[in-house]
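Trainee: As given, the protein sequences belong to chains A and B, one line each in that order.
For the first sequence, the working numbering begins at 1 and goes up steadily by one.
For the second sequence, the working numbering begins at 1001 and goes up steadily by one.
Hints listed in this document are in silico derivations from the structure and should not be mistaken for laboratory results.
Every residue gets a Cβ at the ideal spot worked out from N, C-alpha and C, and that includes glycine.
Distance condition first, Cα-Cα at most 30 Å in a straight line; then the derived BS3-like pairs of lysine-lysine:
id	chain 1	residue 1	chain 2	residue 2
1	B	K1199	B	K1162
2	B	K1157	A	K17
3	B	K1113	A	K17
4	A	K47	B	K1162
5	B	K1212	B	K1006
6	A	K84	A	K61
7	B	K1141	A	K17
So these bits of chain B aren't anywhere near chain A, every CB distance computed over 10 Å:
id	residue
8	A1036
9	V1060
10	D1080
11	T1087
12	K1113
13	D1161
14	R1165
15	G1166
16	I1190
17	P1192
18	V1205
19	A1218
20	Q1235
21	G1241
22	A1256
One-sided and incomplete, this derived list gives chain B residues near chain A with beta-carbon spacing under 8 Å:
id	residue
23	D1053
24	L1069
25	N1074
26	I1100
27	P1129
28	L1150
29	G1178
30	S1182
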Amino acid sequence: MTVKNKANSFKNQPDDKGHFGAYGGRYVAETLMPLILSVEQAWNEAKADPAFWEEFEDLAKHYIGRPSPLYFAKRLTEELGGAKIYFKRDELNHTGAHKINHCIGQVLLAKRMGKTRIIAETGAGQHGVATATVCALFDIPCTVFMGATDIERQAPNVFRMKLLGADIRPVTSGSGTLKDAMNDAMRDWVTNVHDTYYLIGTVAGPHPFPAMIRDFQSVIGTELREQMMEREGRLPDTLVACIGGGSNALGLMHPFLDDPEVNLIGVEAGGMGTDTDQHAASLTGGTPGILHGMQSYFLQDADGQITEAHSISAGLDYPGIGPEHAWLFDQKRVQYVSVTDDEALSAFQTCAKFEGILPALEPAHALAHVIKIAGDYDKDHILVMNLCGRGDKDIFTIAEKLGVEI
Amino acid sequence: MTRIDKTLTALTRPALVTFITAGDPNHDQSLSVLKALPDAGADIIELGMPFTDPMADGPVIDLASQRALKGGANMIKTLDMVREFRTGNDNTPIILMGYINPIHAYGIEKFCKDAQNAGVDGLIIVDLPPEESSELETAAKDTNLNLIRLVTPTTDKARLDKLLRGASGFLYYVSITGVTGSKKADLSSITPHIAAIKKQSNMPVAIGFGIKTPEDAAQMGAIGDAVVVGSSIVQTIADNGNDPKLAEKVSTQVKALSDALKA
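Given only the sequences and the hints, what does the whole structure look like? Please build it.
Mentor: Here it is in structure tokens:
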């Protein structure tokens, strides 16, 4: 452990009660508290067990396909005429996104705890597909809660989950999106507390989930550090990632939090614009509150009623954000910006045209910001964007937006 | 002593606790139901504070929140409703039940002060375990509001010790693992647990979740100091929301529950 990892570190959160400064914590029904505490205990034991990590790393390498490549986006770099742009290619993982990283980690923990049933919520379906995948791999029954609206706009992923043997529960309450799916998953968990593990899909929920999922996703940033030293002999200058709950961003950035020379940028979903009520930018447009087991920033009204989020990207369509991001926002260690639906759509097309890659609409948000800022930098400025998911699942949404019938 | 303590001390039979959501389906209809509850036989009233995302509630009470919010409910109006109720009733305890976020948005200290001034006697906050409740505990104590803790089938002896610290009024025993409005608990599975709780604490125990009919109430009344009925009353409101005779219909239902506990 280095000196930096002590008092003045950005990496020593949360405290032993799961608080990231004022955020995080464990705001759950009493029925769940004993289970939450046992997940924490099991996680603390697993974390200290080399055999646990050996199994995780083995599956990361041979099943997920890690490490994911670090790719120099040459044509895009030339086109934008500024910073040297790299993509961390987590869209090449098995199942097509970074979600599989924490799914492997959590299924190993669930198995260790003797749980015989797994539930999950999903927005874009990437986390649902990844959960269904690891459940198939470990032969554990899997139930996925998904908003009815999302089921409609992510039909390919719904079918993939079914092929993998998952039971899909459409959620019609609220706006039928990720927030509502999370509510119903919590309701199921409180009912089936004895045999069920809730495999949460982002760095959110009650402690220990935000810290645990971050630790599993940190494989992204840890690999990047090594790959960048090998490629460029130094650390990158700027890291950019999209944020819904914030798992891919935290996985990318956490290993760099104590390197002040590395500029960190999180990109929220600005929907129709953060000056409208149609967006999902919880930090830019929200206030501190408590939902889904954690204190963090949420889109809400003055009465503390949660308001609906909007994003073209189902994976970012969530009115909250992980508590560690809330803390990093207050600390000003990470800069948080937003881009609109239209900017993300345009970035998607740019990526296809110049790099031959169809990014998911989630990282298309990160790319839209890269496109905005790359020209401001010199050619020796190294910028890395986390390409955290592939866009096959989004082609129907995009076709509709572009007015094309397929 | 709060009204809750006085009521539970005075009764020689199990108390009937009835739940409705404030402002469901609108302020006036909800107030008419609230005012009718004591005469119908409710000994204690739980008034739900509407919230968009009631994660511990089943569909019946979830929908009640959505109706109330659509009807313009908010925390200020909920407290107004209690104030209006108190102009005609100074005896029946009122407990506000809900989730922490609307209280957090209102300001915890200010909320406790305003609730106490309005005539509230206790609070049940379902997503606020003792690990996160120190601020509310202090504010509730300063304003003489009972903070009622939930005890559940997953609560063991050590956990109960933790829950008892800072608990007052009564203990709310959640008789099933699940959300409100689920199916009734199996009596044989909860009787030993209630007995164990009684050994560890001399606070009154109310049993809730899944209790719908007078028969259910009588059964649970035999092992608890109070029974809580929520979803089945809220369902009556859902079915008769705009009926001018709504309060009468709810009263008939509550009277049958009350009679079952007096038998």
